[in-house]
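Asks: Now for the letters of each chain:
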Amino acid sequence: MRKTISMIAAAGVVAVGAGCQSNMPQFGGQSNVSVVDSGSREHLQAELTMADYTELAEKVTNKMLDSSLVQGWKGKKPRLILAKLRNNTDNENIRMADIYDRITETLLNSNTVRLVDQSATSFDYVVRSELSSNRQYGAGGQELVGYKLELKLFTISGEMQGQWSGTLTLAKGQKSFL
Amino acid sequence: MKSKRYALKWLAGLCALAVMVACNSTGVSDPNLRHYEQNTVNATNPRARLVLGSEDLVERIALTDARLGSAGELAKAEVTVQNLSNDRYTLEYQYAWEDKDGFSIGDNRVWSRFVLGPREIKSFKSIATNPKAYGFTMTVRLPDDFFIHQEKYLDRK
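From first to last, the protein sequence lines are chains W and U.
Just so we're aligned, residue 6 is where the first sequence starts under our numbering, counting upward by one.
Just so we're aligned, residue 19 is where the second sequence starts under our numbering, counting upward by one.
Rather than coming from a laboratory, the hints here were simulated on the basis of the structure.
There are no misleading hints in this set.
Residues of chain U clear of chain W, computed beta-carbon distances all greater than 12 Å:
| id | residue |
| --- | --- |
| 1 | Asn50 |
| 2 | Asp105 |
| 3 | Phe121 |
Listed next, the stretches of chain U that the computed footprint assigns to chain W, with coverage defined by at least 3 CB atoms under 8 Å from CB atoms of chain W:
| id | region |
| --- | --- |
| 4 | 80-94 |
| 5 | 122-133 |
| 6 | 144-150 |
| 7 | 158-165 |
Note that beta-carbon positions come from the ideal geometry of N, C-alpha and C, so glycine has one too.
Please construct the entire structure, taking both the sequences and the accompanying hints into account.
Replies: So this is what it looks like as structure tokens:
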């Protein structure tokens, strides 16, 4: 009888352990690679990440959509060409296509404009965009990088009707002493 | 013999209770509830749910004046964040939009970092990515990412 009681008690302890185990976080369980929240803002270098592309592109495009000029279109849905995004930074490896795609996605989802290909002959506006940067270095390995994304809206006749920009600054701290 | 059987039953019941308590440590769920009432959540405006991502921010950071408007066909929202303390805070916020039925819109949400000096007040705007957007949840939290989490874990270890 005593044996039965101790077996039940042991089974209870195992069951409690197993019940809790399912909620235990397992850190780095699969090698040292972890799937992270793609919206989080971790950086290993003072360079743009995918989340930064998203934030910059949405910030500037939303400024454009919120402008009195675009709100004045009121359902007209003009035909718009989004010209190739110019990389005026010191880094040629920035994925300009990802920023471009994010801008087009935001514009299309807004249902405000009709986007036409750059080869189209009939359109109302052209949006020219540019990404630029400046960089400063500190004596102890610090780094400060500023990025600016700019959108400029032109009519067919070349008149600039709107300009919107957004900035993002990354700061890299001093290297650890050891 | 009768008392032994009674003791056995009692022990079995205790074990079952222990298992239930262990498994319930994550809290019960209610499918009809939008969220549980906590001092970190304010949803007095039915279209705006304001969330502080940490108990440490309660009474130090305030989320106020949630306003909703429209940018053409799109809904737009702005919330004011006020630093009630004399400390300097680096924080991050995120807007999550929902349609009228409460379904989430757009899953490419990014946390945006900002700095709030002592007693400073700043406002942060968001424009919905879809004309169906109706309400939003705005969360403000202390910065959190993989490396911050890893550092905390290694420090604890």
